[in-house]
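Chemist: In case you want the letters, here they are:
There are 4 protein chains.
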Amino acid sequence: MVYRRLGNSGLHVSALGLGGWLTFGGQVENDTTLACMKQAYDCGINFFDTAESYAGGQSEIAMGQVIKKLGWKRNDIVISTKLNWGGANGEVLVNNHGLSRKHIIEGLRASLNRLDLEYVDIIYAHRPDRLTPMEEVVRAFNHVIEIKGWAMYWGTSEWSADEIVEACGIAKQLGLVGPVVEQPFYNLLSRKKVEGEFQRLYSRFGLGLTTFSPLKFGLLSGKYNDSPDAPPAGSRFAKGDDKFVNYMRDNYGNKAWQDDIEKVRKLKVVADKVGIPQSELALAWCLKNPNVSSVITGASKPEQVVENVKALQSIDKLTPEIMAEIDAIVGGVELDPARQD
Amino acid sequence: MVYRRLGNSGLHVSALGLGGWLTFGGQVENDTTLACMKQAYDCGINFFDTAESYAGGQSEIAMGQVIKKLGWKRNDIVISTKLNWGGANGEVLVNNHGLSRKHIIEGLRASLNRLDLEYVDIIYAHRPDRLTPMEEVVRAFNHVIEIKGWAMYWGTSEWSADEIVEACGIAKQLGLVGPVVEQPFYNLLSRKKVEGEFQRLYSRFGLGLTTFSPLKFGLLSGKYNDSPDAPPAGSRFAKGDDKFVNYMRDNYGNKAWQDDIEKVRKLKVVADKVGIPQSELALAWCLKNPNVSSVITGASKPEQVVENVKALQSIDKLTPEIMAEIDAIVGGVELDPARQD
Amino acid sequence: MVYRRLGNSGLHVSALGLGGWLTFGGQVENDTTLACMKQAYDCGINFFDTAESYAGGQSEIAMGQVIKKLGWKRNDIVISTKLNWGGANGEVLVNNHGLSRKHIIEGLRASLNRLDLEYVDIIYAHRPDRLTPMEEVVRAFNHVIEIKGWAMYWGTSEWSADEIVEACGIAKQLGLVGPVVEQPFYNLLSRKKVEGEFQRLYSRFGLGLTTFSPLKFGLLSGKYNDSPDAPPAGSRFAKGDDKFVNYMRDNYGNKAWQDDIEKVRKLKVVADKVGIPQSELALAWCLKNPNVSSVITGASKPEQVVENVKALQSIDKLTPEIMAEIDAIVGGVELDPARQD
Amino acid sequence: MVYRRLGNSGLHVSALGLGGWLTFGGQVENDTTLACMKQAYDCGINFFDTAESYAGGQSEIAMGQVIKKLGWKRNDIVISTKLNWGGANGEVLVNNHGLSRKHIIEGLRASLNRLDLEYVDIIYAHRPDRLTPMEEVVRAFNHVIEIKGWAMYWGTSEWSADEIVEACGIAKQLGLVGPVVEQPFYNLLSRKKVEGEFQRLYSRFGLGLTTFSPLKFGLLSGKYNDSPDAPPAGSRFAKGDDKFVNYMRDNYGNKAWQDDIEKVRKLKVVADKVGIPQSELALAWCLKNPNVSSVITGASKPEQVVENVKALQSIDKLTPEIMAEIDAIVGGVELDPARQD
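Protein chains in written order, with UniProt numbering: chain A, 1 to 341; chain B, 1 to 341; chain C, 1 to 341; chain D, 1 to 341.
The following block holds chain A by itself, in its conformation from the complex (with noise of 0.2 Å):
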């Protein structure tokens, strides 16, 4: 396993991480979850993801069961959960979502019982809250971090650059800790917020990265790829219901699906190439970028953590012909010539 810093602090994350969304506690049974931790932890991954809002607060239960079963050391794991974005417990009452104070300090002492740990390394807004100000989000995080020891470190998760931006100047100005790690959603299919939007804050914030959704909920697997108008029996899209899934469904078959299909198919070739399967491909892409601290991954079952896993020994095999070659494929991203000094 590699591990990285995320983005300019003193912490370590796997370049891999394992994600609970969707399966821990949810699509998959516990002994499953506890079979995927135990091949990730055996594989050397130390990042587990999760949030208040998976599987309706299930999956933090679930993982919180594996890491006491079995007998993981503190120290050895780096844990993250999520507020904001739909309640935990499936219900979403007045003031126990969003960013307020109030549900960052009452949610995270929820998600620590879940997950009966008494704190989290790393403390994500899983989305932003454009109602609260954000000296309020700020100031929260910090007292959970810093007065109530809940946490090491906080991020956000699909915000914008400048509401990054707001936080870390906020945080400056006021002699608080600003976030240290977005979660974006980045893969081959979607790379301009990573690469387009935030390109000034890795250096200048020190911002590291942990992205999800390195295969766009399979696509890039290419076990979409012959069939193009409807999900094939049993797939994740034809049964699921969360919203994320429900979503993908209604869209799949149109314009923007089928113009990323074949993007897939034409990727294939370049996959081919190197000599690894596509799915391999995406992840490898994924880590080859320096920005990049750690690449949440999903598994309802142990095989697939060990594929995954197999993406670190492809990534020099990206030479830079091959991005291009990529590239040219899916689009590079081009810098305002500007700021390109």
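Since the hints were derived computationally from the structure, they do not count as laboratory data.
Nothing here was measured: the structure is a model prediction, and the numbers come from that model.
Careful: at least some of the hints might be erroneous.
What the hints assert, rightly or not - Okay, the calculated bits of chain C under chain B, using three or more residues with CB under 8 Å as the criterion:
id : segment
1  : 160–172
2  : 195–205
Claimed, not checked - Below are the BS3-like pairs computed for lysine-lysine, each with C-alpha atoms no more than 30 Å apart in a straight line:
id : chain 1 : residue 1 : chain 2 : residue 2
3  : B       : Lys223    : B       : Lys192
4  : C       : Lys148    : D       : Lys172
5  : A       : Lys148    : B       : Lys172
6  : B       : Lys192    : C       : Lys223
7  : D       : Lys69     : D       : Lys193
8  : A       : Lys255    : D       : Lys266
9  : A       : Lys301    : A       : Lys73
10 : A       : Lys266    : A       : Lys192
11 : A       : Lys68     : B       : Lys73
12 : A       : Lys216    : A       : Lys172
13 : A       : Lys192    : D       : Lys192
14 : D       : Lys223    : A       : Lys193
15 : B       : Lys317    : B       : Lys263
16 : D       : Lys223    : A       : Lys263
17 : D       : Lys223    : D       : Lys192
18 : B       : Lys192    : C       : Lys273
19 : B       : Lys223    : B       : Lys193
20 : D       : Lys255    : D       : Lys223
21 : B       : Lys193    : C       : Lys193
22 : C       : Lys216    : B       : Lys268
Stated by the list, open to error - Label-pair distances were calculated between CB atoms; the ranges are:
id : chain 1 : residue 1 : chain 2 : residue 2 : range
23 : C       : Asn289    : D       : Asp76     : 52 to 58 Å
24 : B       : Asn289    : D       : Leu335    : 48 to 54 Å
25 : D       : Leu335    : B       : Ile315    : 36 to 42 Å
Note that CB positions come from ideal geometry on N, CA and C, so glycine has one too.
For chain A, the structure is supplied; the task is to place chains B, C and D on it using the hints.
Modeler: Chains B, C and D in isolation, oriented as in the chain A frame:
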């Protein structure tokens, strides 16, 4: 129920709140307190307000017992209490009132003990304390919020505009949090402070309002319209010995009182035209003000809560024309021409 | 002459000042301006007040010429002018009024040109400007004081208490100087702002006051006592076309006016008892207030100056008993009991 | 003419401004510059915009000469210039561009010499400079404003949202002033930055906008509708050698160009329905955006100025229905759902 942000903060409160003044722990039995609070909760009210001085501390005790008994989740309700302006436990020791650091810390701890809660959501300075330096006040409220974790936000009650602005300025200067809400006396017969003196505070300082006495101690319900000289037997003013009640009884029938009754009689015509009871008109009128986060209502029986909540349906009935008629009766608030831009 | 500190500052102003409103450069000839100013100076008055908008800039020009002609030493006099509330030169261009940084810098430069002075001692914001952020206002006044050297101190005129406190707070936060003085309308018939709204500002912020209109446009001299319905021929209200004069004339004889005249008539009895003219009583009463640094008086002939100065001798004649009689007539200012500790 | 505040600042600019790009000191003779500026002034335009790099510094010289010749009062006009992005005088020395402290101070001094003015009202950073630390940039702009008195306000041009927020945050932290205005490219065919990326900046940071290219270099006037493949003889794109003109000519007739022309043709139908020329529709549409302080227009003859000003009358003709039709043609800007609250 409608929920509004508490000023510019991230906290959401129900547009109608339930207050424990005079009643809970005092004029009404504990069973009634429970019945009223349950009814309020069932109507969607999430904001419950009390104070260390209400019924000499008994209001906090009664409210805390109901919360326990009904098994409410802490993240589902917003609880506020207040310090200063009459001590708790019926005793006013040298240092157990005012806004000294000593009383803010000791007083809030005692309130939490009575409420049997770990923290309140909002802690108010019940009245200003002109003898204590504002910096001491601001620092002490920040201490109980940031270090002790005994409150989420702090506010003021019956402060002047310049006092609120001073507190905000000192907080800014010291990198601390200022008050996010003021709790003023506000109703159809007392508009000047909220609409005049405070006019700049909403947009410049993001101040929220939780207002009290929407019926001006019952006057605006019209129930004193026919007994202009002495309180009707059985009314609150006939029997109470609270200082406010005494004040009202002592002024019953004087010039200011009769001027008010005159207006209330005229408002009856408007209420009849709109087709709602006078008290509903009075409540809806307060709710119509977009700077009001929550109108705190009292109730000595559950049916009153249900009555009060009806006002939410009547907000839209207060058309610009009706509002103009009301202004003609009670008098609009003239804004200083130098600032009417 | 008595000299008082300008609030908490180190500057001393004569307890009576001479103002150039309506008269200098306008209603009176330049010779008269010179005569009045000379008389004032000879009486020990060192504080001369004008504004960019008085007589469309002519007041500043006239005052500057007199200073030159009489060869006064710069360090022997205190000169103030004001920006905003009507442009200079009779014209109101888009940006040559208000309190934008542009107008504060350009406007003060133009005032200094008209006054033919290198600097004024006090530059006032003649009225608040709600459209310009307070931080911009505070910074611009500091710029003309600290960097340009065009003024020694800055003040406000007819601002609300919370606006003054906001300016002081921002100045503190930014390490800049706040306003040291407010110039309000203050007289026996208009006490509320100075004694009520401003009550906390004197000790907490060291605010000084230079008050204007001690006779409420002549009303308190008693000269309108016998012509309640229309201004006597030849009086200022009969002929003027200044906006304030027009306002007064338009309200001549209305309800508020007659209420005032009623009080003035009763005050005559008090003045007679004390044995001084009504106008002297009115002036002395203003001077009696220890928070008043200087009472700005007008004069359209030198003798008036001499009359005005006599009031200094009458301050001590206003015994507690006389002051109580006056309160009984004009109404005292009730302080909020919650803050009378 | 309509005047709007420059963002949250106290400065007022005419809703239409006149820019000196390409024309003044360059493509048009000096007599024409004078005629255009006079016409603009007579129409009530008070905002005149130039840059050190326009026509290699000749634009500033020409504009300065006109101001002198027409004898405009300094407080009656708002003059802006810009630093960085191409040096003045046709030469790009190592240090006479960029946003180093050295160039901001030396460059602005040189601009003032060319303009023959003591100060400008707004100094813009014409483009970001990614090599210079933001703190150096913020400090240098504050130096020329606060210490040198060479400008009243500073702004940015074509910066990203996160760069603007970083500058604001650093200014706040250091007690300095941040940028009050951004000058972006904005028109019916290029909405994304102003309406999407910048969406949070208006209310959170009080940012104003002075937009350029309301007709996208003439495209939106419809004059290229009938010559899709090559610029019509005599048009700006046929003869110019400015870098922007070259860029446009090189892309004439390509895919993006033709997509634009397609939309412009459809917009003609809307313009006809409203009963105004296409260019007037394009201008009025920019003016309709309440976050736009001023739309900078170009003119190579006085009649064009008169034409442009007509757009002010057409703002109200853009009813919600018409705006919806326009959106359907050019595409609305989707706001990130996570932030649409």
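Chemist: Run every hint past the structure and note whether it holds.
Modeler: Now the hints, each set against the structure:
1. With a cut-off of 8 Å between beta carbons, the segment 160–172 of chain C has 11 residues touching chain B; three or more are needed, and the interface restraint holds.
2. Coverage of the segment 195–205 of chain C by chain B holds. Counting CB-CB distances below 8 Å, 4 residues qualify, and the rule asks for three or more.
3. Restraint check for Lys223(B) and Lys192(B): the C-alpha separation of about 24 Å stays at or below 30 Å, so the hint holds.
4. A C-alpha spacing of about 24 Å is found between Lys148(C) and Lys172(D), which places the hinted pair at or below 30 Å, so the restraint holds.
5. For the hint linking Lys148(A) to Lys172(B), the alpha-carbon distance of about 24 Å falls within 30 Å, and the restraint holds.
6. For the suggested pair Lys192(B) and Lys223(C), the alpha carbons sit about 34 Å apart, so the restraint of at most 30 Å is broken.
7. In summary, the hint linking Lys69(D) to Lys193(D) is not supported, as the alpha carbons are separated by about 39 Å, beyond the 30 Å threshold.
8. Annotation: proposed proximity of Lys255(A) to Lys266(D) holds, straight-line Cα distance about 23 Å (limit 30 Å).
9. Distance restraint check for Lys301(A) and Lys73(A): the Cα-Cα separation of roughly 24 Å lies within the 30 Å cut-off, and the hinted pair is therefore satisfied.
10. A distance of roughly 20 Å separates the Cα atoms of Lys266(A) and Lys192(A); the hinted pair therefore holds under the 30 Å criterion.
11. The suggested pairing of Lys68(A) with Lys73(B) holds, with an alpha-carbon distance near 27 Å, which does not exceed 30 Å.
12. Restraint check: the Cα-Cα separation between Lys216(A) and Lys172(A) comes to about 35 Å, which exceeds 30 Å; the hinted pair is violated.
13. Straight-line distance between C-alpha atoms of Lys192(A) and Lys192(D) comes to about 14 Å, which keeps the hinted pair within the 30 Å bound.
14. For a cut-off of 30 Å, the pair hint linking Lys223(D) to Lys193(A) is broken: about 36 Å separates their Cα positions.
15. The hinted pair formed by Lys317(B) and Lys263(B) meets the criterion: a straight-line CA distance of about 20 Å does not exceed 30 Å.
16. Pair hint Lys223(D) plus Lys263(A) does not hold up; C-alpha atoms about 38 Å apart against a cutoff of 30 Å.
17. For a cut-off of 30 Å, the pair hint linking Lys223(D) to Lys192(D) stands: about 24 Å separates their Cα positions.
18. For a cut-off of 30 Å, the pair hint linking Lys192(B) to Lys273(C) is broken: about 38 Å separates their Cα positions.
19. Restraint check for Lys223(B) and Lys193(B): satisfied, since their Cα atoms lie roughly 26 Å apart, inside the 30 Å limit.
20. Straight-line distance between C-alpha atoms of Lys255(D) and Lys223(D) comes to about 18 Å, which keeps the hinted pair within the 30 Å bound.
21. Between Lys193(B) and Lys193(C), the direct Cα distance comes to roughly 14 Å. Compliance with the 30 Å bound is thereby established for this hinted pair.
22. For a cut-off of 30 Å, the pair hint linking Lys216(C) to Lys268(B) is broken: about 41 Å separates their Cα positions.
23. A beta carbon spacing of about 43 Å between Asn289(C) and Asp76(D) contradicts the range 52 to 58 Å that was offered as a hint.
24. Between Asn289(B) and Leu335(D), the C-beta spacing of about 29 Å breaks the proposed range 48 to 54 Å.
25. Our hint of 36 to 42 Å for Leu335(D) and Ile315(B) is violated, since their Cβ atoms are close to 28 Å apart.
Checked against the numbered hints given earlier, this structure breaks hints 6, 7, 12, 14, 16, 18, 22, 23, 24, 25; the rest are met.
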